[in-house]
Structures are given as structure tokens and as C-alpha cells.
Amino acid sequence: MNKHLQAWVRLNLAEGMGISRKLELLRMLKTPEAIFEMDRKDWDGLGLKPAQAESLLSEDKLRESAEIIRMSEKKGIRIIPMDDEEYPELLRYIQDPPLVLYVKGVIPKGLGLGIVGSRKATGYGMNTAFRLASELAEEGFIIVSGMARGIDTAAHTGALHAGGQTMAVLGCGPDQAYPPENRGLMDRIARNGAVISEYPPGVKPQTYHFPVRNRVISGICIGVLVVEAGQKSGSLITAQAALEQGREVFAIPGNINHHTSMGTNRLIREGAKLVLSIQDILEEIPWSLSALPVYRKSSAPGTEPLSREESLILQTLRAEDLYHDQIAERTGVPRHVLFAALLQLEIRGLVRKDLTGRYAIVSDR
Amino acid sequence: MFSRVSTCGLTGLDGHLIEVETDISNGIPAFDIVGLAETSVKEARERVRAAIKNSGFKFPDQRITINLAPADIRKDGTDFDLPIAIGILVAAKIIPEESVRGYFISGELALDGSVRSVPGMLCKAIAANELHYSKMMIPAQNLPEVSVVKGIEYFPVNSLKEAVDHFSGEAAIRPAELLEVSGKSAIPSGLDYSDVRGQRHAKRALEVAASGGHNVLLIGSPGSGKTMLARRLPTILPDLSFEESLEITKIYSVAGMLPPHTSLISERPFRAPHHTMSAASLVGGGRIPKPGEVSLAHHGVLFLDELPEFGRSTLDILRQPMEDGFVCIARINSTITYPCRFMLVSAANPCKCGYYGDPVKPCTCSPREAERYLSRLSGPLMDRIDIQIQVPTLQYRDLESSKPEETSAEIRKRVNRARAIQKERYRDLNIFCNAMLTGAMVREYCKVDEEGTRVMRSAFDKLKLSARAHDRILKVARTIADLEESPVIRAPHIAEAIQYRSLDRSFMSWNSD
Chain A
1 MNKHLQAWVR LNLAEGMGIS RKLELLRMLK TPEAIFEMDR KDWDGLGLKP
51 AQAESLLSED KLRESAEIIR MSEKKGIRII PMDDEEYPEL LRYIQDPPLV
101 LYVKGVIPKG LGLGIVGSRK ATGYGMNTAF RLASELAEEG FIIVSGMARG
151 IDTAAHTGAL HAGGQTMAVL GCGPDQAYPP ENRGLMDRIA RNGAVISEYP
201 PGVKPQTYHF PVRNRVISGI CIGVLVVEAG QKSGSLITAQ AALEQGREVF
251 AIPGNINHHT SMGTNRLIRE GAKLVLSIQD ILEEIPWSLS ALPVYRKSSA
301 PGTEPLSREE SLILQTLRAE DLYHDQIAER TGVPRHVLFA ALLQLEIRGL
351 VRKDLTGRYA IVSDR
Chain B
1 MFSRVSTCGL TGLDGHLIEV ETDISNGIPA FDIVGLAETS VKEARERVRA
51 AIKNSGFKFP DQRITINLAP ADIRKDGTDF DLPIAIGILV AAKIIPEESV
101 RGYFISGELA LDGSVRSVPG MLCKAIAANE LHYSKMMIPA QNLPEVSVVK
151 GIEYFPVNSL KEAVDHFSGE AAIRPAELLE VSGKSAIPSG LDYSDVRGQR
201 HAKRALEVAA SGGHNVLLIG SPGSGKTMLA RRLPTILPDL SFEESLEITK
251 IYSVAGMLPP HTSLISERPF RAPHHTMSAA SLVGGGRIPK PGEVSLAHHG
301 VLFLDELPEF GRSTLDILRQ PMEDGFVCIA RINSTITYPC RFMLVSAANP
351 CKCGYYGDPV KPCTCSPREA ERYLSRLSGP LMDRIDIQIQ VPTLQYRDLE
401 SSKPEETSAE IRKRVNRARA IQKERYRDLN IFCNAMLTGA MVREYCKVDE
451 EGTRVMRSAF DKLKLSARAH DRILKVARTI ADLEESPVIR APHIAEAIQY
501 RSLDRSFMSW NSD
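Protein chains in written order, with UniProt numbering: chain A, 1 to 365; chain B, 1 to 513.
Hints are computed from structural coordinates only; laboratory data are not their basis.
Source: prediction; values computed, not measured.
Please note that a few of the clues may not be correct.
Quick list of the computed label-pair ranges, beta carbon to beta carbon [said to hold, decoys possible]:
| hint | chain 1 | residue 1 | chain 2 | residue 2 | range |
| --- | --- | --- | --- | --- | --- |
| 1 | B | S313 | A | R191 | 57 to 63 Å |
| 2 | B | D192 | A | G184 | 24 to 30 Å |
| 3 | A | E67 | B | A280 | 31 to 37 Å |
| 4 | B | S313 | A | G184 | 57 to 63 Å |
| 5 | B | R312 | A | R21 | 52 to 58 Å |
| 6 | B | R454 | A | E73 | 29 to 35 Å |
| 7 | B | D192 | A | R269 | 44 to 50 Å |
| 8 | A | D42 | B | R372 | 35 to 41 Å |
| 9 | B | C328 | A | M71 | 35 to 41 Å |
| 10 | B | H275 | A | H336 | 48 to 54 Å |
| 11 | A | R266 | B | G190 | 35 to 41 Å |
Here are a few chain A residues that sit away from chain B, every Cβ distance over 12 Å (derived from the structure) [unchecked claim]:
| hint | residue |
| --- | --- |
| 12 | E85 |
| 13 | P211 |
| 14 | Q231 |
| 15 | M262 |
| 16 | D321 |
| 17 | L322 |
| 18 | H324 |
| 19 | D325 |
| 20 | R335 |
| 21 | I347 |
| 22 | G349 |
| 23 | L355 |
The beta-carbon is built from N, C-alpha and C at its ideal position, and this holds for glycine as well.
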């Protein structure tokens, strides 16, 4: 068994001390193996409490680390410690980086951009996240998100749709599909990027994992785009973490009357960059993007010209998501034409009808 | 001392002759009723004894045996009180035997000797007519409902004394003048679609539903007006024929639910049972089965609010009756059939708390709950619901709109026309509206033009509609074409029909590619 890897895992498992304390130990002793190979008597010089030293050196933890490594191998999960070349570069420099990442797939090299938002997203949010994620992926960004329901799912799907790379940071072991309906998505992310977690395989999702996980999402990225967030959304924690880590925070504005956009609108008021198109993101990125690989453009949704009514409807939907009745009233398109026009727009992938019956723009021509 | 009096028993909606045989003989005073009498019939002993005494007659201090023939059919209900009392008085020689011949007698007795109304009198009158009885003595309160059955002389009575006086010739009652058949609805009417502001899309969908007899699911937040829309559906359904009215009235008569002074129900019923209702009250049940909600909604609307809250087993029971148009309730000694050809209108919140996607009120469900809520509805039931639409929450501004709203009468004109077209088209078949088309009939009668076929095909490819939606869309499109009096289904009809299949779209398909 790889001694070096096991030492990392074992150090990671130690309880009673924070990541910064462990990093301090590493700074003093250079390698994790050195910590465990030290003489017992030299321990006093490190200033550890007895309980901390106990947990660090306990036999249980040794066995546990061996078990984790064995499990990971069996499940095809790779363990990437901080000193590995594959470890995301930007993540190393945050205050409390995960010592070890459990990875399914291969962590792609390049600039990460986080796209996060509400799990209970509206059609507007889902469509925006999907479209911007695919456009940014086409520009060569790695789309990083949390694989949760709602915006996260739309962001990953958008990146995959554009043939781009994407990373999911989980709040559970990378062998756990959570939410379960995203199992298929998880496999596709692993094939086109990586599913990563600081939790070893077998760890179930816990509510307190997710806020901790959010710092990793922002830590990997140069910036975080919040697409849709209510007042108490977890994506606001990600935005906060991004600020603390010195990352850019972007936000999509929303209807001020909708509680679903309250969080993002507040972010904008507090100084987050308002995003209308990916240009608003690109111009904030200091790095040269020309070196990054550009992925194939997806085919444009339908090239036939729109009818007068269809353009009128698109025009009207630009302002907000609308019900059938509201579209009829605002455009004045007669009923039998409206049904056909809406169906055409839907078929061509330009608008989408959500569960509440509202029509929303997916892609603007 | 023996007597025989004719009365009527009911099995479901069918009446049959029952003879009340009374024997009075010497012996220890006793009063027994035999012939598979249920508790409510056995209790007639006490009512009859008191009623006879309190009407001023002497109750015989002898051994009285009553047999209800045929003795192998179970008898239930209180309508044997009056014939039993008359039977005893005939056997006691207070009433001359020949005077009761040719009479059908039915009614419940109060202890003071007054006669109370009983359920199912309409069905009994129909049975009497079929059995060629020409005279019926009935409770006066039941007179309105029997007035549609001509050819019988009705002798309405208010008390046992009146009945006895009539038979003994002391004060003969003249046969009742039959009331003009006056229709009366089973529900308080006065509802109209012009009461509903806005909601053009939903109203149009309901117009289509009414025209083709399609079942409907309305999805929307609490307060969006789902119930208001559903409640007005009977006002745009086609006018009832006399036969349909009679069928409805029979069911209500048997259920004892006819409104007072009603001879014929002429408006389509609207039934809205609560979701805590038992399976037996939905399809009908009881030891002597009574009609359930599905039958009370016969030729009308069965409204199931909060559809996902209904127990799965309750909803699954609905499937067979919806398919067949009748319910069959089997009991050890009889099988009772009640008709139940109703339109199902169901309503559901988009999620458990009801506010999923509401712009103002936050939804408190977890995303998982929200997504699971509607998918809980059983597939086979959803297969029988042709139209699924969302009902938007109205903002105050929309309520203010001053545009005049269409009245139900205007909408019903169009519905009647579309129904007439269907009736004509299906005259050789056993069906009368598009919703009843079977798979093979859909292929024969739902011809789509070229453009429409193209739209249909691309919609299926791009919108990932489920395969089972295909025939439903064609049926609804057929109805829309009928509303426009178009013999072929054209592209706009298909487009509209697809918009009424809201749940087929894979909203949750973000994670599947």
C-alpha cells in the first residue's frame, strides 16, 4: 500500500483539529509520513493537545485509512492529495483546502467557473443556467457546480450539451449518487470531467456537509455565477466563500417581485457583477483565454426565419415568464395562431413551458 | 284471517313486486316479520304497532305473522311500514279485503300515524307501470318525483288514517292531478362562466373538454380558481335529454337525495367528494349497496379536488367504472348495477404546499417533494385524462380587467353544435363523443392532414411526449376540429391539443439526455 497516500488519508481523518492546524503540522514536518514516523517524545514540541495526538495516532484511524484506500480502489475512485499535480491549482491557495480529494474521472486543467443557484429553480433560472453554462463551456471554461437539483443540474447539463468539461463537487462520497435521480448525470460528468469530494467513498450526504462543500466550489474557480437564489439559498454561502477567497461573484438579475430572485438581486445591490451575457463574465477574467481549448459550437437551434407572431411572442417573453393568457393579452395574437406559434417555438427549442404553465425563453435569437 | 298487499322492493335501480302476506291467528300475542327482513324492516313492528294504535284503531291482541314474498330476497328500508299496517288492518277486517286489490302501497310510518316519504319512489312507479299496476298509494311528499310516470293513478296520503278512510270508503281520496313535469337541478344553480374573470386559456380547455366529453386535470396554486372553474362545467355541458334526466332522477331517488318538490332533475349533477372519502362511498356500497359518488355524478361532473391526496387504492377503483360507464357491486345474493357515465374533472396543486413556482408566496416543499408530488398520480388513471392544463394565479390587475366575459349559454351553444356533429358521426357505433373513441376508432375517425402530421411528428421528437399521449392528442384534436366544424384535423388543431398535454412534457428531464 502506498505509504504516502495512506499518510495523507490518515492525517485527513484525524479529529479534534482544523485544516489549518494540520497544514501547520505539514509545514513543520514537510511530509505527512514524517508526522507518523516521528518519535513519540518529539510530539511535545508540536504543541498538540493529548486528545489531538491520540486521534492522530490511533490504531482505529490507521485501519480506517487502509480501508478507505481499499474501497476507493475497488470503486474506481482515485485519491488526489494536495501535493498531487492533478489537484486543482487555485484550490491550494484557499485558507482551508481539502487535504485530499476523492475523484471519479480526471480533474480537467483550465479555468473553472462556478455556476450555482436555487434547487427550486424557475423555468427562467433553469434555462438561463443551461444556456450560459453551454456558452461558457464553449469558451473553454470548466463549469463547476454541486450536482444538486435545479440550477446545478442545468449548469452541468448545459456544459455537457456544449461538449465542454464540467466538475461536480459533492457533499458526500463520490460513490454516492445524490440526488439519486442524477445518477446518470453523475456518470456523464465523470466521463467529461470529474466528480470530486473531500468525503471518502461511503459517506452519506449530511446537511452540514453542503456549506463546507461550497467553499470548494468557489475555491476551484476564478469566479462564481449565481443564477437564481432565494433569500436563504445555499448558493449565497458559495458567493460569500467566493468573496472571502478573493474570487469574482457574478449574478443574474431577476424579477424584483419574485422571491426566487431575491438573493441574486441583493447580491447585485451589494456589488456582485450583473450578468446579461457571457461577455460580462469574460471581460472580468484577467487570464488570457486564448490558450484554452475551444470546444465545438453546438448547432444553432433552428435556422428557419421566425414568423411575425413568433418574433412578437419571443419579444414579449423577453421581459418575464408568462402564462398562455398573458401572452395572448399582450401580443393580441388570435387563439388558433397562438397555439401553433407557441408549439413551433417550443419545438425549435426557443421557449420552454414549465410545470406551473409559464412559458420562458430558452435561447434568444 | 289472512291478507295480501302488494308493494315494491328495490334492487339497485330496478323495482320488483313484493307481496306482504299477513296472517292473524289465535295464540299468544306476537308480531313476527319473516322473509329475509333486515333490521330496518324488523323495526317496522314497533312503528306499525304505535301508528295503528295512535290512528285510533285497535292493534290485534293475537299472533301476527308477516311474510314478505318472495322470501329469498333481502329486504331493506322503511317503505314496508305502510303496506304492513294496511295488511294487518285488512286481516283484522277493519279494511275490506277487495278494496286494496290492484294497489301498490309504499310508505314509512311515524309513531303518530303520519306517513313519511321514502327513497326510490320514481323507480317503484316505473316498476309498477311495467307490472301493469294501475293504482299506487304513496306518501304525499313523494308525489312530485312520480309525476313523470304516466298511466298510474296516484293516491297520496299524509297519514295512516287517511289511507284507511280511503280504503274503507269513508273518505275516498281522489287520484292526484299530476303536476306538470318541472325540472329541478340537484345542485344550487345560478353559476355562470361569466363570473370567472380572465382564465381564457382554462375556459377554452374546459369548452373543448365539454365538447368531446374529455376528462380534465387542472393544476394550479391554491386560490387560482380551479374549483370555481370546475364547478361551472355543468353549465356548459350539452342539454340533458329526457332519458338522461330520468336516469339521473332514478339514481337520486334511490339514494334518497332528491331535492323536495322535484319531479325531474334537468341539470347535470356536480359531485365533489372529499379526498378522505372511502372507496365504498366513491363507487357505491353497503350491505344493500347504495349508489356511490360516481353514480351520483352520472351524466354530470365528478370533481376530485386535490387529486394526489386521494388514496391510490381509491383512485384505482375509479378506473373500471370510467371505462365501462357503470359499476357492478356484487353481494352474496345479488349483483347491483348502477350507471356512472361522468366527466372526471380533477384538480391538483403543483406541489404539496401548493406554491411551487408561485411568484409571491414561497414554496416550502423540498425540491424532491415538489418533483415527486404530481408524479405520484397513477399512470393508468392519468391515461384516462385527456386534458391537463395549468391554471395561473391571477394578479389583482387581471381581476380588474373590464372586458366582458362570455356567458355559459354562449359557450354551451358551441358545445351543443360540436356534440351534434359527433353524435351524427358515431350514430352507428355504441358511443356518442370523441372521448369514448377506442384505439381502432381513433385511426378510423381522426384523420389528420399532411401539415398536421408533420407538426405532430416534430412535436413528439422535440418535446419528448410520451407515447401514450398520441391517441389522447388525436382525440382532443378531433374535438377541436369539431368545434370548428372541420372534417379533417389540421395543424392548428393538433397544436392546440398538444398544449393541453402539460404533464407529458418531461419537465424533470434536465438530468436525462
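Hints and how they fare:
| no. | hint | verdict |
| --- | --- | --- |
| 1 | B:S313 to A:R191: 57 to 63 Å | 43 Å, violated |
| 2 | B:D192 to A:G184: 24 to 30 Å | 50 Å, violated |
| 3 | A:E67 to B:A280: 31 to 37 Å | 57 Å, violated |
| 4 | B:S313 to A:G184: 57 to 63 Å | 32 Å, violated |
| 5 | B:R312 to A:R21: 52 to 58 Å | 55 Å, holds |
| 6 | B:R454 to A:E73: 29 to 35 Å | 54 Å, violated |
| 7 | B:D192 to A:R269: 44 to 50 Å | 48 Å, holds |
| 8 | A:D42 to B:R372: 35 to 41 Å | 57 Å, violated |
| 9 | B:C328 to A:M71: 35 to 41 Å | 59 Å, violated |
| 10 | B:H275 to A:H336: 48 to 54 Å | 37 Å, violated |
| 11 | A:R266 to B:G190: 35 to 41 Å | 49 Å, violated |
| 12 | E85 | 32 Å, holds |
| 13 | P211 | 17 Å, holds |
| 14 | Q231 | 9 Å, violated |
| 15 | M262 | 9 Å, violated |
| 16 | D321 | 9 Å, violated |
| 17 | L322 | 9 Å, violated |
| 18 | H324 | 4 Å, violated |
| 19 | D325 | 5 Å, violated |
| 20 | R335 | 7 Å, violated |
| 21 | I347 | 4 Å, violated |
| 22 | G349 | 7 Å, violated |
| 23 | L355 | 5 Å, violated |
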